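K.L.:
From just these sequences and the hints, can you work out the full model?
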Amino acid sequence: MPERNIEFGKYGARGIKGHEAVARQLDALAGYITTPVTVRRGLLARLHYLTRTDHARTAARVAGLTVTDRTLRAWIDGRRAPSRKNLERIDQAYRTVRRQNIARYLTARLNREGRGTRVEIHPLNQSGVDRPRQRVVEFRTLNVRRWDRIVAAWAAGDDPELDNAWIDQVVDLGSQWGQYEYVTNIGFAA
Amino acid sequence: MADFEAIDALLARAGKDVALPPVEERRALRQELNLSRAELARALGVSPSTVGGWEAGREPSGDVREKYGYFLEGARTKLAAATTEEVSVEEPEGDASAVAGPGVGQDDDVDVLAVARPCVLCGQPARHEVAGYPQHLDPAECAAAVTGTTPAAPTTPSTQSPTPSSTRHHPGARSAGGVRIVPTGRRVQAADTPDLIASAVAAALDEHAGDADAATAALIKRAIPDAMALLDHSRKGGRYDVIAHPWLPDILRKQTARGADQIWEARPKWTRPELPPGEHEVTALDVNGAYLSALKTHLPLGQLEHSTGDHHDRRRAGVHLITPPAWEHDAFLPNPIGSRDEPGPLWVTEPILRLLLRLSGPKYALCEPPEIHESWTSGATEGLLEKFRVALKDARERAIADGDEVTLEYVKAMYSKFVSTLGESNYNRELYRTDWMHLIRSQAFANLWWKAHRAYDEGLMVVRAMGTDELHVIGDWRAVFPEGRGVTEVKIKDVYTVGVGPGPDDHG
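Each protein sequence line maps, in turn, to chains B and P.
So the first sequence is numbered by this note's numbering: it starts at 1 and just counts up by one.
So the second sequence is numbered by this note's numbering: it starts at 1 and just counts up by one.
The set of hints was computed from the structure by calculation and includes no laboratory data.
You can trust all of the hints, since none of them are fake.
Once the Cα atoms are required to be at most 25 Å apart in a straight line, the calculated SDA-like pairs of lysine to any residue come out as:
no., chain 1, residue 1, chain 2, residue 2
1, P, Lys417, B, Arg112
2, B, Lys85, B, Ala45
3, B, Lys17, B, Asp168
4, P, Lys221, P, Ser234
5, P, Lys296, P, Glu59
6, P, Lys221, B, Tyr105
7, P, Lys221, B, Leu29
8, P, Lys221, B, Arg112
9, P, Lys393, P, Ser199
10, P, Lys221, B, Gly116
11, P, Lys236, B, Ala189
12, P, Lys393, P, Lys412
13, B, Lys17, P, Glu430
14, P, Lys412, P, Pro482
15, B, Lys17, P, Glu305
16, P, Lys221, B, Thr117
Bear in mind that the values here come from a model prediction, so they are computed numbers and not experimental data.
P.N.:
Below is the structure:
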C-alpha cells in the first residue's frame, strides 16, 4: 500500500495522522508551562516569557499578541485581567514563541551530529475492525537522521508541510508505508 | 558418626574443613565425580534442592555445613589425585561413575556422537556434540588435533571411542581456557562479549589518574546513559525488542506535573501492633540490592490493551483494577497491598496481583481471592531484563569479592537510577515505561513481603516491614536468612531492644 489512505476509518480502524503524533511528541519534548493560562500563575509565567526582552516582545507581536505595552503592563500588574479571547491569544503566542526559540536546539538534539534518532511507530488500532478485514500491521522502528524540515514545519505551525516532511521519512519504511500514515503513537527521545 | 561413614563410602580420602570452597567450584567438584545432586543429598540427609541452593550461592549452616565441607574437601583431594594418575582413574571411581552411566550424556547439551564429525573449532573429527555443534570437549584435544594435522587425525577418534567416560572436562567446568563462540552464517566466531562495566570503570580510573572518589563521581554522573547502553547491549540477539515509547492509558499518566498517577504500588509500611510482654531484642535487617533483584519480574512487552472481567491470564502482565480481599492477619504479617487507608477498588500492578492470587490459593489460604474489574495488560516475559540484571549482579559480586568500591557504587547507581528514571523522567528520555517502573517497584515490595512471610513461617517474630528493603525481626534470624552482601543475603542495619516490662516503646 504505497499510497496515502483515501477513506481512513471506513471499516473501523482508529488512529491519528503520523505528523500529528510527531507534533504531539515534539510538544512534549518542548516542555511548555504546565499551569493553564486561566490561572494567574500560568498567565504571569507566559507574559513574563513574552516580555522579557525586546526580541521576545517583537516575536510575540509577530505571533499575534498585538496589544499595546500599556495593556501588557496592566495585565502583569494585575490592574486588568485579559478577556477570554486575549487569554487564548496569549497562550497561542506563547506556544509559537517557545517553539521558535527551542527549534534550533531541538533539531541539533534530534540530529545528533548526523547519527539521527530512533523513532518507534506504533501501528493503528484495529480493535474496531471486523476480523476478516484486519491486517497484520507490525510495530516498526525507523532511524530519522534529518529533522530540520520536520522541526521547522512544527515550529512554524505549518501542518501540511509537517505532514509532507513526515511522509518523506515514513516512505523509508518500504512499500507498505501507507499502513503507517495513521498510527496510535510515535515515540522518540531527544 | 554414621553419616560420616556414608560419606566415607562415597569418598576414599579423608580431610575435613568447615571453610567451604567458593560457590562456583562446588558444582564443578560434584559433577566431576559424576555424582548427582540426589545422591549427595541422600548422603548428607538434606533435600536435593538444598544442595542446589548451596551450589547457587546459599551457605549451609550448622553441622550439615561440616558434612558438606567434608564432602567438598574429599572431592577436591580425590580429583587432585585423579589428575596425577591419569590412566588409573577409571577403576577406583567404580561406584560413582557406574551410577552416572555414560558420564557426559548426563549434561543437558552434550551428546555423544556415534560417528565422528568435524569439530566446529578445529575441523578435526570429534565424537561429542554440544548444543548441536560437534566439537572437542577439551581444548587440549583441539590443539593436539591442529598441531598433529593429518597423521594425528585418524588416531584421535580411535583412542577416544572406547572410553567415553574419560572426558571429565565438560564445557560448564572449563571456564578458564575456553573461548565462547557464536554461530555467524555458516561458520562460528569467537563471541564478542565486551565487559561494558569493567571497561567504563577502568577508563574512568585512568582518566582521573587513579583517584577513586573523582572516578566514582564521574561514573555516577553517566550512570543513566551507561545503563541504557548496557540494556541495549544485553538485548542483542534477543527475541523481543524493548519498546520504549508506547501509548499509555490515562491511569498511568500523572494528573498534574507534581502529582502521582493512579497506580498503587503497595509499598509496605507496617508495624506489628503489639509484642508479647518482656524484653525483646529486635534486629533490623536490610535486603541487599532489592531493586536489582526486582528487575526479574513479568514485564509487559508492547502496548497495554484493555480488558474487563474477573480473569487473570498468566501470560500477560500489566495493571489491574481490583477490589482487594480483607486481611485478617495484620497482627502477625503485613497486608500484601500495603498500608492502604481508603477502602474500595484500586489499581494494582502485576506482582501484587500475583502475590494476592498465590496467597488466596489452597497452599496458603491466607485471604480470599481479589476481584479483578478491569485490566490493562500486554503479553509479558520475565526474561526481558534478565541479561541486564545478571550482568549487573555479576559485576556487583565481583566488586564485593575484590573490595572494589568504585565498581560497586557505579553498579548501584546504574540499577537504582535505571529504575527511578524508567517513567516520565527528564533525566532519561530514552525509556518512557511508567508501567515497568511501577511493576519493578512492586516486585521489590512483593519480594520483601515474601521475606517477611518466610521469617514468620520459620518461627521468627516480624516486627516491622517497611520501604523496599527493611525488615525488623525478633529471634534467631541467622538460621533463616544468610548474612552477607550478596543479593540473596541480608545485612544488619540496627539492633535494639524493646519493652522493659510494661509500655513497649516502639523504635522509630
